[in-house]
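A.B. asks: Spelled out, the chains give:
2 protein chains.
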Amino acid sequence: MELREALYTTRAMRRVRPDPIPDEVQARILDAAIRAPSGGNAQPWRFVLVDSPELKAELAPLYRASIGALWEGPYRERLLRAKADPDAAASRSMLKVQRSAQWLADHYEQVPLFLFCFVRGDAGAGSIYPAAWSAQLAARAEGVGSSLTSVLGASHPDDVRRLLGVPEESWKNACMVSFGYPTGRWAVAERRPVDEVAARNGWVGPLGFSVPEPLWPIQG
Amino acid sequence: MELREALYTTRAMRRVRPDPIPDEVQARILDAAIRAPSGGNAQPWRFVLVDSPELKAELAPLYRASIGALWEGPYRERLLRAKADPDAAASRSMLKVQRSAQWLADHYEQVPLFLFCFVRGDAGAGSIYPAAWSAQLAARAEGVGSSLTSVLGASHPDDVRRLLGVPEESWKNACMVSFGYPTGRWAVAERRPVDEVAARNGWVGPLGFSVPEPLWPIQG
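Those sequence lines, one after another, are chains A and B.
Take this note's numbering: the last position of the first sequence gets the number 236, and nothing is skipped along the way.
Take this note's numbering: the last position of the second sequence gets the number 236, and nothing is skipped along the way.
Errors might be hidden in some of the hints.
Partial list, computed: chain B residues near chain A (C-beta under 7 Å) [said to hold, decoys possible]: (1) LEU19; (2) ASP39; (3) ALA43; (4) PHE63; (5) HIS123; (6) PRO146; (7) ALA214.
Covered stretches of chain B, going by a simulated chain A footprint (3 or more residues, C-beta under 8 Å) [said to hold, decoys possible]: (8) 131-142; (9) 202-213.
These are calculated hints, taken from the structure and not from any lab test.
Computed from a predicted model, the values in this text were never measured in an experiment.
Note that the Cβ used here is the ideal one computed from N, Cα and C, for glycine as well.
Please take these sequences and the hints and turn them into a complete structure.
C.D. replies: Set out below in structure tokens:
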């Protein structure tokens with residue numbers, strides 16, 4: 017797959033079929049992940065694949081609780097605003113994300129594969145998220161959808177540690193990535209354009225160019 | 017460029033030529049970056065390109081101070097160990113990173129472009145690092161080398177805010193990415209193999225497959 021197609025079309029794909037992901041595909045996903053850079057090339061990471069029904073059955077209620085707490089907590093205001101004005105673009109995006117994330121919570125046990133990404137406590141986020149995102153991009157090239165969330169490890173650190181047998185408190189679960197063959201279609205996700213979110217030599221300095229439309233696919 | 021080539025060969029490339037990066041290349045880099053996912057698709061980011069000589073001259077001493085503090089602080093023990101046994105693989109890797117990062121500090125003003133990535137305070141690292149890593153991957157396809165560091169914003173948050181005119185404390189500088197045409201060659205970086213850093217259904221559960229050698233380039 018061409019790089020730009022992957023960068024433009026790898027959006028969160030939470031709704032997936034239960035079909036297992038072959039070992040050789042998993043190997044290509046993980047091997048791409050560990051090529052990512054990390055601070056000082058320390059590779060302060062450990063990756064735990066989860067596909068056991070028993071383990072998924074134990075993690076599922078925790079994930080459902082985390083997601084429920086998200087709707088009631090950090091997302092509460094945004095959801096209330098979205099429900100009050102459901103036709104606004106931001107509202108549609110928010111409600112779409114909620115339905116999709118709730119689907120993942122409701123169907124956690126049926127998702128064929130999860131990847132838990134751990135980082136050693138003294139290392140920064142920049143030493144684990146590039147690897148996680150590389151895993152998602154590599155999965156895209158295999159036709160495997162994925163989505164990343166930090167909410168489970170953040171809200172249930174001790175349970176995650178116990179269930180996955182993490183030996184030391186110095187290892188932190190940075191995120192969990194779900195994988196599966198998607199039921200939906202790949203597409204360029206909706207984003208605010210570069211012009212609105214970037215500047216030059218200062219917070220509001222003119223960028224010097226304009227990118228009103230996505231630069232991929234290339235118009236011929 | 018093929019995705020896997022980008023994922024395998026985009027390593028930190030800090031030594032770059034002073035040649036400017038054309039606007040259309042910068043546009044492709046930024047436009048790829050903003051396609052990355054973020055929590056709740058909130059896109060809680062702002063990107064500031066820096067190429068002004070005056071601004072680089074003000075940031076350079078701060079970056080040099082951050083890097084100096086890194087060698088004297090978090091990296092002190094690793095560097096002492098590396099210097100005591102310079103031929104060990106881990107030592108060579110550590111000393112190579114130090115020389116490379118010190119080169120960037122010493123030549124900050126000559127690097128043609130920096131991208132400062134900001135994230136709103138309530139958003140997580142997973143909502144900015146995928147975008148930063150996408151920018152680096154997109155740069156790779158353009159023949160542009162890059163490197164990511166969090167140290168400047170972490171050690172000098174107020175100075176970065178003042179110099180870049182960041183209006184609110186709620187915006188945090190997650191990282192800075194340097195860009196330029198590299199003096200070195202693209203190559204697959206050295207990493208510990210998947211077998212050593214991954215497990216299944218537990219911290220030490222058998223992975224079920226082995227990946228002793230990089231799966232790219234594909235051997236024909």
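A.B. asks: Determine for every hint whether it applies to the structure shown.
C.D. replies: Structure-based check of each hint:
1. Nearest Cβ of chain A to the Cβ of LEU19/B: about 5 Å, under the 7 Å cut. The hint holds.
2. Taking 7 Å as the C-beta cut-off, the interface hint given for ASP39/B holds, the closest approach to chain A being about 5 Å.
3. A least Cβ separation of about 5 Å between ALA43/B and chain A falls short of the 7 Å threshold, and the interface hint therefore holds.
4. Hint status for PHE63/B: holds, given a least beta-carbon distance of 4 Å to chain A, under 7 Å.
5. The closest approach between the C-beta of HIS123/B and any C-beta of chain A is roughly 19 Å, which is over the 7 Å cut-off, so the hint fails.
6. At a threshold of 7 Å, the smallest CB-CB gap from PRO146/B to chain A is about 4 Å, leaving the interface hint in force.
7. The interface hint given for ALA214/B is met, as the beta carbon of that residue sits about 4 Å from the closest beta carbon of chain A, less than 7 Å.
8. Beta-carbon proximity to chain A at under 8 Å applies to 4 residues in the region 131-142 of chain B; the threshold of 3 is reached and the given coverage holds.
9. Coverage of a stretch by a chain is defined here by at least three residues with a beta carbon nearer than 8 Å to that chain's beta carbons; for the region 202-213 of chain B and chain A the count is 8, and the condition holds.
Violated hint: 5 only; the structure is consistent with all others.
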